[in-house]
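Given the coordinates of chain W, work out where chain R should sit on it, guided by the hints.
There are 2 protein chains.
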Amino acid sequence: MALISPSRRLRRTPFSEGVEAQGVKAYTVYNRMLLPTVFESPEADYRHLKEHVQVWDVACERQVELRGPDAGKLMQMLTPRDLRGMMHGQCFYVPIVDETGGMLNDPVAVKLSEDRWWISIADSDLLYWVKGIANGWRLDVLVDEPDVSPLGIQGPKSDDLLARVFEDSVRDIKFFRFGWFQFEGRDLAIARSGYSKQGGFEIYVDGTDIGMPLWNALFDAGEDLNVRAGCPNLIERIEGGLLSYGNDMTDDNTPHECGLGKFCNTHTAIGCIGRDALLRVAAEGPVQQIRPIAIGGDKVPGCDRPWPVYANGTKVGQVTSAAWSPDFETNVAIGMMRMTHWDAGTTVEVETTDGMRPAVVQEKFWI
Amino acid sequence: MALISPSRRLRRTPFSEGVEAQGVKAYTVYNRMLLPTVFESPEADYRHLKEHVQVWDVACERQVELRGPDAGKLMQMLTPRDLRGMMHGQCFYVPIVDETGGMLNDPVAVKLSEDRWWISIADSDLLYWVKGIANGWRLDVLVDEPDVSPLGIQGPKSDDLLARVFEDSVRDIKFFRFGWFQFEGRDLAIARSGYSKQGGFEIYVDGTDIGMPLWNALFDAGEDLNVRAGCPNLIERIEGGLLSYGNDMTDDNTPHECGLGKFCNTHTAIGCIGRDALLRVAAEGPVQQIRPIAIGGDKVPGCDRPWPVYANGTKVGQVTSAAWSPDFETNVAIGMMRMTHWDAGTTVEVETTDGMRPAVVQEKFWI
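Sequence lines, in order, name chains W and R.
Quick note on my numbering: the first sequence kicks off at 1 and runs consecutively.
Quick note on my numbering: the second sequence kicks off at 1001 and runs consecutively.
Derived from the structure by calculation, the hints contain no laboratory data.
There's no promise every hint is true.
Residues from chain W shown here face chain R by an in silico Cβ test under 8 Å; the list is partial [stated by the list, open to error]: (1) Arg12; (2) Tyr128; (3) Ile367.
Idealized CB from N, CA, C, for every residue including glycine.
Just chain W, with the same shape it has in the complex (with noise of 0.2 Å):
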């Protein structure tokens, strides 16, 4: 791996310090913020992800905020999500699709009430669609990026940690919900979200200046849970069936493509851009579709562009995402498949970077 160059561009976060002295090795950069990714190695730290409890820096995944009278009409403009029986507390997780139907992000929409929206973002600058509809329909909203930033706690002892630091309600919060909660003073949004499977919750930390101390309390309350700094973990997100942005869809994709179709009531969301697109797609079906995939051999290099997938020497789907798995004993893999050779046990072979591998479609996403 090479280095990654410091400068103002990539941001840091209201966490980075904390980051830094829990010895950070890796990053990426996420909607350009810099986003951990490996703190002790990938495999032990998703072994501590799935027997204890992390505090991840999310930062970088940032809020869109929608205020005003039309909040409400540009949410559902930007979603073919129906958001009609979402009410104040609750999370969707919403395709984001322009007037083709291609995803333009997967974010997961925070309702804080009629007209007040976060919108938590993957990574590309939703800010800017957002903000070019809103003044090309001419709607009576504010659209910006406010000083909000996402604290993951994730693991089995997620909810044992954050009692002690809030209060013992936080265990009542229900998954993709959110309530209030106090600290120092200042009232925080937390979600039971996040991403992974482990269970856990995000804070929205709303305001730079209480990133470390909420760090700190974190840490202090939770020295015999075995609390660490943590990150998103690539080998427990893929065993998830998590999808990436930027790497297991971009804009080519609609959202059925993207196993995504559940989340599109194309006849009832009405004034979504994209809806007159997805309404033929919604019928016919896509005709290729992520799917868990089995990569055999050894542990895979790691997954930098797309690996081609063949079956006879025809090309049949890519790779996007892949890693060894300790628990599973197999390179679990996401990956984009044709129709033909989208079934559960279909054969298949991948075009990795140190070479060919056997493959398997696999049923179910391991977690």
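Same frame as chain W, but now just chain R:
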């Protein structure tokens, strides 16, 4: 420095293979794409750039293509620079602003024909803003990112190198103009432009497939010119006063604050979305502005966050790019200074990450 984790999301370029073969040591991420930052060392790369010729993988300067009857109208909506006099074959540096006059990007617009433009972007997803505006205003224009990757040729021997690979008439290309030249039967636009003050060109490589053939042809032809792989050099670009979007300016800043008032024709740029907001700024002038700053002491650390600038204990600005200059034997820096302290010769203090340093506002950049 920490390591950078490979993933498909941090896109490789058509020239990555060549960059790796030349021993790249560090990267940054720019428009979600890998941009080399160091080959031998920042100082050695700098010296070589000033004496010989380098080939730069700047594919990360992605293009936003506008095509259709409303392309010119849309282009003018994006920028306060008056584009009416612009001819085919010209490149214009164009601040791009939102409805508040905040900078969204500072790209180079390339006019291919009346109804076809490329916008060669700095580090933000300008594509999303342009697509949103085109959609909201119902313009008759196609907006997308084509498979076009700029390759920079920079340094005093640039003309000699390009004349060998293309034809002698590349020497006749004027500054910020481009011409069409053939390589392996394909027409490529070559502009006299680039992100250094050492002279040179940018080749708009149209098609990933000819990336490495062109790269190899340049190295084969330039052996006796001492051609090497290079990259935008932090030291040289600060000496030359070349601003970096995301470092020296963000969407918090107007073009006038960035010293780009000369590119804002607020009275005649009819249709520009941010024009109303900028009219007042243009009349009254900004209250803070970009300035060259010399920082005392030995080599400063990497500027990975804004460094506050103080005078008598009061914050009067910030430094966002800084490096030790071997040629000028001082730390050269770019900062945003309040008007009370922006005059040349003003002495201030800069709080770097390794302590307070004396500094002086300069009259001009160094080269």
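So, going through the hints one by one against the coordinates:
1. Arg12: 5 Å, holds
2. Tyr128: 4 Å, holds
3. Ile367: With Cβ-Cβ at 21 Å, over 8 Å, it is violated.
Consistency note: the structure conflicts with earlier hint 3 alone.
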